[in-house]
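Q: Chains P and B supply the protein sequences, listed in that same order.
Residues in the first sequence are numbered from 408 upward in steps of one, following the working numbering.
Residues in the second sequence are numbered from 128 upward in steps of one, following the working numbering.
Just so you know, these hints were derived from the structure itself, not from any lab.
One thing to keep in mind: the hints can contain errors.
Under the rule of at most 30 Å between Cα atoms (straight-line distance), these lysine-lysine pairs were calculated in the DSBU-like manner [claimed, not checked]:
no.	chain 1	residue 1	chain 2	residue 2
1	B	K331	P	K436
2	P	K467	B	K150
3	P	K422	B	K159
Non-contacting residues of chain B with respect to chain P, defined by C-beta distances greater than 10 Å in every case (computed) [as the list claims (entries may be wrong)]:
no.	residue
4	E145
5	A148
6	Q151
7	S152
8	L188
9	S289
10	F309
11	G383
12	N435
13	V558
14	L644
15	Y673
Positions of the beta carbon are idealized from the N, C-alpha and C atoms, including for glycine.
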Amino acid sequence: MGQIFTELLELVESKYGYEIVDQLLTNSKLHSGGSYTAVGTYNHIELLILVTNLSEIINKPISELVTEFGEGIFIKLLTSHPQISANITDSFDLLSKIDSYIHVEVAKLYPNAQLPTFKFVQLSENQVRLHYSSTRPFASFAEGLLLGCALYFNEQFQITRLPDPNSSEMNVTFDIVRTKLTPAHG
Amino acid sequence: MDDNKATIAMLERRVAREIKARKQSEEILNQKSLELYKANLALVDSNQALDLRVKERTQALELAKKNAEQQLALNENANDRFTLAMLASSAGIWEKNIIDDTWYFSDRLIRLLGYNEAQLIECFDQFSFVHPQDLRNLKSKVIKHVKRGAVLDVECRILTGSGYYKWFWIVGQAKWNAKGKFTRIAGSFSDIDERVENAKTIQKMAHYDHLTQIPNRELFNQQLDTAIELARAQQSQLAVLLIDLNDFKLINDSLGHSVGDKLLQHVAHMLKQSIGPQDLVSRLGGDEFSIVLKNITDTDQLIFRCRNILKEIEIPITDNANSLRAKISIGVALYPEHGVNRGELLSNADLAMYQAKKTKSKGSQFYLCEQSLIDQLATRSRIGKDIYKAIKNREFYMMYQPFVELASGTHYMVESLVRWQHPTLGLISPVDFIPIAEESGLIVELGELIIEMVISKVPKLMQGNGLGRLSINISAAHFLSPGFLRVLTENIDKYPGSAKHLCIEITESVVLDNLDLARVVIDKLHRLGLLVSLDDFGTGYSSLSYLQILSVDSLKLDRSFIADIDTCKDRRTITESIIKLAHSLNLYVVAEGVENSKQLDYLLDYKCNYVQGNYFYEPLNEDQLLEVQVDSLHYEVWNDEHSGEGPNYKEQL
């Protein structure tokens with residue numbers, strides 16, 4: 408979905424300035440030319456190229472970048488779709504509803520979107536296991552989104568990822584233990 | 128400057144990118160608009176299709192509603208009809224809804240059975256009002272109906288609220304849903320008490336004797352058949368007793384029918400008393416009864432039980448201070464020894480009863496059937512079957528027994544006697560086959576054959592040996608038959624002059640059958656030149672007035688008279704009187720069956736004209752007869768001593 412691309416570039420611009428965005432787009436020689444629109448659909452490879460090239464330009468590990476952007480994008484995505492987030496009470500409630508509710512609604516808005524699955528198992532009140540499975544290698548991006556989620560609900564997630572990022576980005580289990588930082592967010 | 132340029136270039140790139148993104152967005156938006164437009168069109172189509180479908184559905188619903196309304200009207204009609212039918216019906220209606228576990232009973236049913244609804248529910252649930260003897264059958268029918276759909280149609284006794292059992296005809300029909308589950312059952316009760324009771328009465332009337340209230344022949348036949356079947360299955364013996372009252376006609380005639388009826392009732396009662404609960408008794412008709420004794424183990428036991436019956440029967444009834452004691456004759460046939468079916472057993476019991484009757488003068492008797500009796504009957508039956516063929520095949524021949532004229536010692540008269548040489552049974556006596564020929568009506572054909580055979584012998588037998596007359600025995604039925612005189616005349620015509628050598632012997636029964644006709648025939652015979660003799664005189668009614676009316680020429684005293692005259696004075700007196708009377712009527716007398724000289728002496732004293740018997744001649748064949756010569760010695764002696772007594776026979780002859 409194009410919003411990921413536009414949100415990414417907006418985050419880069421807000422953090423590093425448009426010069427870095429221009430340099431990134433110029434260096435990346437993308438098939439789309441980098442003229443992204445939120446309503447368009449782009450090859451996910453371009454997202455990988457952008458992250459890789461940005462990592463080189465600003466000299467930051469890809470995983471850190473991905474996590475960083477994940478947090479920012481989560482809040483953007485959630486706030487830009489209030490009709491979807493209206494009935495969510497807390498982070499685990501949200502995670503448990505990704506497959507059964509959120510992605511169902513997303514598919515209505517973006518019929519062509521290729522969505523990953525998140526298999527949710529609650530192990531205890533503050534511990535869940537989430538299995539990510541996708542045709543695209545965005546497990547780290549998903550991890551970033553999870554951290555963004557924790558942040559949004561005033562919580563901290565301690566995430567144990569198996570296997571590690573070098574082994575798989577497409578089929579990954581996240582064991583999450585949450586800690587509430589302050590009284591729960593609205 | 129360079130920095131500015133670079134910034135300008137970057138901004139230009141940014142603007143170019145933004146422009147490109149905007150265009151891209153516009154294209155996408157255009158495309159989305161087009162898609163939306165198309166989607167709208169599709170929606171319009173879809174809406175129209177939906178409208179059409181809604182319309183169709185509405186129409187279908189309206190039609191369904193209309194149908195439902197019509198159906199409701201029909202149902203209301205049916206319901207009205209059902210209500211009216213129930214009111215008009217004499218049957219009471221019941222229904223059980225299995226699903227709801229509810230009952231319905233019509234008012235009529237409540238009235239018929241005399242219970243309230245709560246009581247009826249209990250009665251129906253428990254079957255508690257069904258007669259114990261009918262319960263099993265009813266339950267079985269209900270189960271078979273519900274499980275297999277067999278017809279539920281039962282007649283049974285139901286205990287009504289009044290405390291009496293009544294007969295009801297119960298029918299029912301269950302209903303099953305699409306899955307075959309039993310959902311409800313309904314039916315009716317019809318009061319058939321009167322009909323069943325009437326049927327019972329009719330059944331009783333049809334199977335029981337009205338006078339004695341014991342089973343009649345119809346029921347007896349059924350019961351006997353069943354008893355035989357059982358005996359066959361159990362390989363046991365049973366005895367069939369045929370019982371006849373002795374001289375019952377005499378009792379009826381002398382004491383009246385009411386006494387006769389009382390006697391029959393008494394006998395029925397005593398017979399019932401004398402047998403066991405498993406035995407059968409019935410009145411077959413008239414004064415004939417029958418008993419079946421079951422489980423006969425041996426002859427001694429059978430005799431004991433028969434004696435017991437006779438003992439019971441000895442108990443008299445008292446009527447107007449007169450004591451009356453029934454006398455009976457019992458014939459007994461045993462299954463399987465004397466027959467294996469009802470017909471054989473009754474027939475052979477009848478044979479035995481006939482034997483018992485022979486000694487009825489000694490009082491009540493019973494006689495156990497014997498194989499010899501059955502064999503005799505079989506022979507009789509065989510004779511009956513063969514006699515027609517025998518006449519056609521001319522298996523008969525004649526024997527001749529001369530009479531001796533006591534006045535002259537000659538044997539001028541000869542009686543012809545028929546014999547039957549059966550191809551397998553051998554020689555059969557006329558005593559055995561004449562009664563059978565009479566019963567079967569073949570006596571006419573047989574008599575005609577005898578007439579033909581005897582007359583054909585007249586020319587040969589009546590020449591040169593002193594014989595003058597051949598007598599022929601003709602039975603009453605033949606004598607009075609239309610063809611008798613015609614056949615006789617035809618045969619006489621074949622042998623001219625034979626009539627004056629013939630004598631026809633008839634018995635008194637001819638007179639009893641038709642006196643006027645008998646006189647006409649005798650008259651015609653006289654005119655043809657034949658003599659007529661009255662045979663077996665003294666055995667039947669022996670009315671002396673007949674002798675005058677019939678104008679016969681002679682009478683033959685029966686052998687039973689002659690047998691006793693040497694030992695019984697009364698017999699002698701009667702014999703002498705008859706001979707004198709006959710002579711006074713100008714008849715000559717022939718004594719049959721003379722066996723000894725003593726008998727002959729008495730007959731000589733009484734001036735009897737002729738004697739016949741084995742003392743002189745046994746029946747002779749044709750050749751033997753021809754060899755018989757006139758005994759001149761006898762002729763001379765007796766001619767001197769006895770001439771002038773009685774009619775002038777030779778003139779007649």
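Q: If a hint holds in the structure, say so; if it doesn't, say that too.
A: Against the structure, the hints:
{"no.": "1", "hint": "K331/B with K436/P", "verdict": "violated (123 Å)"}
{"no.": "2", "hint": "K467/P with K150/B", "verdict": "violated (34 Å)"}
{"no.": "3", "hint": "K422/P with K159/B", "verdict": "violated (33 Å)"}
{"no.": "4", "hint": "E145", "verdict": "violated (7 Å)"}
{"no.": "5", "hint": "A148", "verdict": "violated (4 Å)"}
{"no.": "6", "hint": "Q151", "verdict": "violated (5 Å)"}
{"no.": "7", "hint": "S152", "verdict": "violated (4 Å)"}
{"no.": "8", "hint": "L188", "verdict": "holds (34 Å)"}
{"no.": "9", "hint": "S289", "verdict": "holds (75 Å)"}
{"no.": "10", "hint": "F309", "verdict": "holds (47 Å)"}
{"no.": "11", "hint": "G383", "verdict": "holds (116 Å)"}
{"no.": "12", "hint": "N435", "verdict": "holds (104 Å)"}
{"no.": "13", "hint": "V558", "verdict": "holds (124 Å)"}
{"no.": "14", "hint": "L644", "verdict": "holds (129 Å)"}
{"no.": "15", "hint": "Y673", "verdict": "holds (136 Å)"}
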